[in-house]
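Q: So the chains spell out like this:
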Amino acid sequence: MPSLKLSFPVRARDFLAGGNGAAHIRQVLQQVGFPPEIIRRAAIAAYEAEMNIIIHSYGGELKAHITPGAITITAVDDGPGIPDIELAMQEGYSTAPREIQEMGFGAGMGLPNIRRCADELEIKSGAGQGTTVNIIIYNR
Amino acid sequence: MGYFHSVRLEEDKCKGCTNCIKHCPTEAIRVREGKARIIQERCIDCGECIRICPNHAKIAVGDDLTALAAYRYRIALPAPAVVSQFAGQAKLEHILGALKALGFDAIYEVALAAEMVARATRRYLDNYGGKRPLISPACPAVVGLIQVRFPSLVEQILPLVTPVDLAARLARLEGMKATGLPLEAVGTFFISPCPAKITAARQPQGKRVGPDGVIPLATVYGDILKGLSSALPYPSRAGATGYGWGHSGGENASIGGRRLLEVDGIHHVIEVLTRIEAGDFQDIEYIEAQACPGGCVGGALMVQNPYLAKLELRQLVRDLPSRSMDLPVTEKDLRAEPVYPRPALQLDDDLATAIEKMRRLEATQAMLPGLDCGSCGSPSCRALAEDIVQGEAQDTDCVFVLRERVRVLAEEVVELARKLPPSMARPERGDEDAPSGNR
Chain A
1 MPSLKLSFPV
11 RARDFLAGGN
21 GAAHIRQVLQ
31 QVGFPPEIIR
41 RAAIAAYEAE
51 MNIIIHSYGG
61 ELKAHITPGA
71 ITITAVDDGP
81 GIPDIELAMQ
91 EGYSTAPREI
101 QEMGFGAGMG
111 LPNIRRCADE
121 LEIKSGAGQG
131 TTVNIIIYNR
Chain B
1 MGYFHSVRLE
11 EDKCKGCTNC
21 IKHCPTEAIR
31 VREGKARIIQ
41 ERCIDCGECI
51 RICPNHAKIA
61 VGDDLTALAA
71 YRYRIALPAP
81 AVVSQFAGQA
91 KLEHILGALK
101 ALGFDAIYEV
111 ALAAEMVARA
121 TRRYLDNYGG
131 KRPLISPACP
141 AVVGLIQVRF
151 PSLVEQILPL
161 VTPVDLAARL
171 ARLEGMKATG
181 LPLEAVGTFF
191 ISPCPAKITA
201 ARQPQGKRVG
211 PDGVIPLATV
221 YGDILKGLSS
231 ALPYPSRAGA
241 TGYGWGHSGG
251 ENASIGGRRL
261 LEVDGIHHVI
271 EVLTRIEAGD
281 FQDIEYIEAQ
291 ACPGGCVGGA
301 LMVQNPYLAK
311 LELRQLVRDL
321 PSRSMDLPVT
331 EKDLRAEPVY
341 PRPALQLDDD
351 LATAIEKMRR
361 LEATQAMLPG
371 LDCGSCGSPS
381 CRALAEDIVQ
391 GEAQDTDCVF
401 VLRERVRVLA
411 EEVVELARKL
421 PPSMARPERG
431 DEDAPSGNR
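Going down the list, the protein sequences come from chains A and B.
Under UniProt numbering, the first sequence has 69 at position 69, and the numbering climbs by one with no breaks.
Under UniProt numbering, the second sequence has 1 at position 1, and the numbering climbs by one with no breaks.
This is chain A alone, in the form it adopts within the complex:
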C-alpha cells in the first residue's frame, strides 16, 4: 500500500509562516487527486491544528500520513498542555492570551472546527505535558 509522510516544523507565534504546512498538505492532496470535499476537510483541520501550535505552544510539528484510504494529520507540540480537554472542545472557549485574541485569533473555534472535519479525533494532553492532536479523515 503506497503511503506518503510529510512533516513541517511549526514555530510559536510565527503568524507570517502560519498555515504554510497546511497549505503544502492541501497542495499535495490536490496533486494526488483526492476528492475536493476530503481535501477541504483535511486542509481546514491541518490549518487549525497548525494555528493551535502557533498560538498555544512553545513550538512543535505538523505531520501528515497519506494513504489512498485515509489522511492522518498529527500536531505535536511542547507547551503548557490542555488542562481540561472537554472544556477546550466547547465552541468559544479559549485560553489564548488577550494579545492573540486581539489579533483575531484564538476565538475558541479551533478544536470544534477540527472535530467537525475529522472522522476520528484523539487529543493527548495534560497540564505541563505538551499536546498531541491526532486527526483521521477517511477517503470514502
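Just so you know, the hints here were simulated from the structure itself, not pulled from any lab data.
Just so we're clear, the structure is a prediction, and the values are computed from it rather than from any experiment.
Be aware that one or more of the hints could be misleading.
[Unchecked claim] Straight line, CA to CA, 25 Å or less: simulated DSS-like cross-link-like pairs of lysine-lysine:
1) B:K22 - B:K35
2) A:K124 - A:K5
3) A:K63 - A:K124
4) A:K63 - B:K357
5) B:K35 - B:K13
6) A:K5 - B:K357
[To be verified] Quick look at which bits of chain A chain B covers, simulated, 3 or more residues with Cβ under 8 Å:
7) 29-43
8) 65-73
Ideal Cβ positions, reconstructed from N, Cα and C, are used throughout, including at glycine.
Using the hints, position chain B against chain A.
A: Relative to chain A, chain B alone:
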C-alpha cells in the same frame, strides 16, 4: 477534441532563456533543447509569457481583417478597454468611427452588454444563498486558472454569460433584423485586449455562443490610429458604468452596493483564490478578479501603459450617461455554459499511483538545491522533481546535481589514475643504482 490555444511560440525567435517559465501561473512552460515548450493542457492563455518575453517569441494567434470577407454584414464588438488606447487623442464617437471604417457595417459596444450583465448579476446576488464568495466569469484567464489550479472553486463561478458573448448574441440578432440576412451571413468580431478572450471564443462548445472572430487590438491599433482624424463619428449607446468594465473595479462599481472585492494581476488573483479555497472570504459576496494589472486596460495585447489607459478611459466616458437604456434580455440570453474543472496538475488518475509518485516527488525535491534557478528548464525545483517523476526530465538536468556528479567522477578518475598496474609503474626517483648517463 483538441483544446485551442491562442498563445503560441515563434520558435526561431526563442533563445531558450527562462523568463517565461518563471512567470507562468500554471507552470505550463518548460525549456527543452533550447526552446520553450507550452504544455497545452495547463496553458490558460493569460498572456503573462507574451508580456515577459524579451525576444517577443510568444505571440497570440487571432483573426485579422481578412476574416471579415466571409460575411456579408460585419459587426465590430469593441471591448470596453479598447477605446482607452486612443483616449486623449479623440472623442469616443471618433474612435468608434475609425474602428467602423476598417470594414465594418456596424458596431455593438461590449460595454452595453456589460451593463445588462451587471444588472443580472445584482439580481442573482440578491437571490443567492449558496457558497460565498461568487467569482466573476468575465476574465477567461481567471476562469482557466480556476479550472486548472483551483478546481474545487468551479462551482463558485457566477453562472451568467460574459459581456462578450452576450454582445455577440445581441449584435447578431440586431444585424439580422436590420438587414433581413440569415444568421450565417452576419459576422461578429470581438476586438480583444487579451489572448485569453481569443481562446475563449474558439473553444468547441457545441453551438455558436460567442463572437465569430476575435481580432487582437494590437493588429488594428495602427489602422484605427490613422483613421481617427478622418473617420465619420459613430454614436455610442453604452453608458459610463459599462465602459468601467475596461479597468479593474469597474465591474463591481456597475453592480454596486454590497461587499464586493476586486483583485487584479494574476499572481494577486492566485493569493485570493488560495484564501477562498482555504475557506476564507466567506463574508465577501462577489469577487471581480482580473488576470491583467489594472484589468483589461492592462491586457497583453494592449499598447498603452495600463495605468495611463485607466485614467484616460475614465476621462473619455466622463460625458456619457452613467447608465444606458434598458434593453430586452431574457433569462435564456443570460444563462452561461457550465464550466468544468481541468485538473491538469494531478500526478496520476489512479490515487495509489499518484501517492507513490508524490512520495518520490517529495524525496527528489529534497535532493535538489532549492534555488529555483530555472536553469534546468523547469520553473522551480519542485516542478523539476515533478518532471523527473513523470519521466519528462532527469536529475542531471539540474546543473548543481550535474556538477556534483562530475566532481565525484573526477575524484574517482584521479583515484584510479594513482592505481596504475605494476608493469607500468616507474621506478622511484633517487634510485642510486640507476645508470646516470654521461655523468
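Q: Work down the list of hints and note, for each, if the structure agrees.
A: How the hints compare with the structure:
1. Restraint check for B:K22 and B:K35: satisfied, since their Cα atoms lie roughly 14 Å apart, inside the 25 Å limit.
2. At roughly 21 Å between alpha-carbon atoms, A:K124 and A:K5 fall within 25 Å of each other, so this suggested pair holds.
3. Straight-line distance between C-alpha atoms of A:K63 and A:K124 comes to about 15 Å, which keeps the hinted pair within the 25 Å bound.
4. Using a Cα cut-off of 25 Å, the hinted pair A:K63 and B:K357 holds, with the two alpha carbons roughly 19 Å apart.
5. With a CA separation close to 9 Å, the supplied pair B:K35 and B:K13 stays within the 25 Å bound.
6. The straight-line distance between the Cα atoms of A:K5 and B:K357 is roughly 13 Å, inside the 25 Å bound, and the hint therefore holds.
7. Residues of the segment 29-43 of chain A lying with their CB closer than 8 Å to a CB of chain B number 9, which satisfies the three-residue condition for coverage.
8. Evaluation of the coverage hint for the segment 65-73 of chain A: fulfilled, as 3 residues show C-beta separations to chain B shorter than 8 Å, against a requirement of three.
Checked against the numbered hints above, the structure breaks none of them.
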